[in-house]
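If you're matching them up, the sequences are chains A and B in order. Each residue of the first sequence is one higher than the last, beginning at -19 in my numbering. Each residue of the second sequence is one higher than the last, beginning at -19 in my numbering.
Take every hint as true, because none was put in to throw you off.
Quick list of in silico lysine-lysine cross-link-like pairs, DSSO-like style, CA-CA up to 27 Å:
(1) B:K92 with B:K192
(2) B:K321 with A:K28
(3) B:K59 with B:K175
(4) A:K303 with B:K9
Simulated restraints on C-beta separations:
(5) B:K172 with A:G323: 54 to 60 Å
(6) A:G323 with B:D280: 51 to 57 Å
(7) A:K305 with B:G358: 30 to 36 Å
(8) B:K59 with A:A110: 52 to 58 Å
(9) B:K364 with A:T221: 34 to 40 Å
(10) A:P145 with B:D170: 34 to 40 Å
Simulated from the structure, these hints should not be mistaken for laboratory data. This one's a predicted model, so the numbers in the text were calculated from it and none came from an experiment. Note that the Cβ used here is the ideal one computed from N, Cα and C, for glycine as well.
In case you want the letters, here they are:
There are 2 protein chains.
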Amino acid sequence: MDLLESLATRNDKKILLVVLDGLGGLPRKGKTELEAASIPNLNKLALKAGLGLLVPVDIGITPGSGPAHLALFGYDPVKYDVGRGVLEALGIGLHPAPSDLCARANFATLAKDGTLKDRRAGRIPTEFCAELCAKLQVAIPAVEDTGVVVRPGIGHRFVVVFQGPGLVGGLTDSDPQQDGLKPLAVASDDPKAAKSVRLANRFVELAAAALKDQDRANFVLLRGLAQPPSIPSMRDRFKLTPACIAAYPMYRGLAKLVGMDVLETGSTWESEVSTLSEHWQGEHDFFFLHLKETDKAGEDGDFDAKQELLEQFDDEVLPRLLKLKPDVLCVTGDHSTPAAKAGHSWHEVPLLLASPYVRASDTRDEFGERACGRGTLGRIDSVKLMNLLLANSLKLKKFGA
Amino acid sequence: MDLLESLATRNDKKILLVVLDGLGGLPRKGKTELEAASIPNLNKLALKAGLGLLVPVDIGITPGSGPAHLALFGYDPVKYDVGRGVLEALGIGLHPAPSDLCARANFATLAKDGTLKDRRAGRIPTEFCAELCAKLQVAIPAVEDTGVVVRPGIGHRFVVVFQGPGLVGGLTDSDPQQDGLKPLAVASDDPKAAKSVRLANRFVELAAAALKDQDRANFVLLRGLAQPPSIPSMRDRFKLTPACIAAYPMYRGLAKLVGMDVLETGSTWESEVSTLSEHWQGEHDFFFLHLKETDKAGEDGDFDAKQELLEQFDDEVLPRLLKLKPDVLCVTGDHSTPAAKAGHSWHEVPLLLASPYVRASDTRDEFGERACGRGTLGRIDSVKLMNLLLANSLKLKKFGA
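Chain A on its own, in the form it takes in the complex:
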């Protein structure tokens, strides 16, 4: 038990953590997406809030969504490594147990000579992928004594979950990463992985048999074979009763990994905020509200769209959040997704923390990357954000006398 956990105590104060995915940006004509946005409500809040910057993983490190969120939830993202197979399973809405073994899978085209003609089976459409997965699920309900779950993803991608116990992660991929080569056998250096290796390779054989009449998708490749990390829950660590409101399955899955209650919600911001409002007076004292679209605009390299989404948040979402009167309200992101980079980046993430116990800025700084760099909260590793959220909600006892 670390220091933070040893000091955590329960009270009735409510924390609201709003994650605008990919919030941080880079300037265009001198201003970032956030700095360019017209956000009067956030700026008004910033006057009496603490501002700062979050470092998602480490200086210069660009995180994926998994590590970036684990850090926000107070988990060392380097220690708690969530494998790609697991993230993919979470991303399509599966909730694998720690004893399960998850794999990302591709439909592929195998040539008569046993080499890969196309590692993506001509990028078959999603609907066809779903049909093929249903077919595989019927053909391969289990391998040996181990249940198998096959679920479609997007395009040629799908997920296979081998249901433990007795399984081990960290296996090598069967995908040789290049067309024209033969698929590899899944393997492992770990003697305890013998069964897992055997099941994975047998699954590939059985799938190939089930797909033998297909002209394009006549083979499968497995990658990222991993088990969900065994993660102590936020309930146990922080004595919280946490809830997640997220439209996208992967974030729901990550929240479930750390022991949050995942609330049913719709796919729009409006629907997510309504879910929050409905549950606000209930048992939960920590709400994680995830808003995905800002990241997507950044990924698309669409500065204007990201700016507009931030304005929409300010205009439509924030006023409804403030009406709930959270004891601690934090608005931040998991990482930066600058439109200028059209992808995740390593840049620090703006942080706004409103509570009765912050030292507000004594300048009239607005909410933006550079104002946050001058903020009273300073530059903080994301993994320490929970320290601040718990402290500001008076959920931490004093350390020592």
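Following the hints, put chain B in place on chain A, whose structure we already have.
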């Protein structure tokens, strides 16, 4: 030996570390206690000093006085945990050896059925507590071969020290924390603690026998049974000859724990500064001057009193300190005690460091929380303050060639 210790070297420069206990605050009408105070001398000093903020233990962690001071003295406060019994012993002026076992004790009222009627014996007055402790000390000079020291505290509280060797700390409390329950036996999972457990429980029996004619204070409860941590001295680690000037016993005790010479002084700021002046030309090259009253005003929630004490420091104390011409003068606090919170808090602590080798601010910032947040020294863990004090007094050799 860590890096700092390996580089420390002796010279004749003198360091003065002034700790205004609980210095940091929170704003009232836009200004903290320190920001609201009229402190022309500190502000003048700030113009050519380095400013920064100290993080006492970690982000969001509210420290007690023990860990907060150990960090200022260059000791990792999580590694060197000073137990409650030890702090209590230090606080009443005892100086337990590392082999001693210290306990906080309460006089209590035991009902005829063996349950606790009042865990605080009706909060008996301090004078009566002293009488009862004298009685216990006569009745129980030792348990088995182990000397016992009994000393009164405030009200129903007192301290018991079992004099080692052969003792072990980390025992459970006999206090069940609730009236109406039976007192618990002191216990431990550690097989080496058998003797300590036996002595503690036997002490409780002997005390009950000695108190059997009392109507209220007829029983004792033991808590926080701990040994002083074995701490390498500041002399050995930093090649300093350090002295402590503090009116309050606990701070004198903490200073003694890390090997400072504890100078005799009176209970007023005036007396403490006189003690400093008298010893300034002597053998010591590091002076820790502790001023307690700012913390008490904060604990009382008295913003105005704290502000006035800071003004008094600026007007009456600081000019006398400057006359001594310390080579390095540091004015800071152990932690924040905002009047708005009426207790210790997790907020960073203002730091002022005057030496010929600082980068002064290029703005005309005054000494206050938010100016310190913009300061050239940045945001520093308290445990690293000694690095800066030694560096600025040129007491550190170059690392590597």
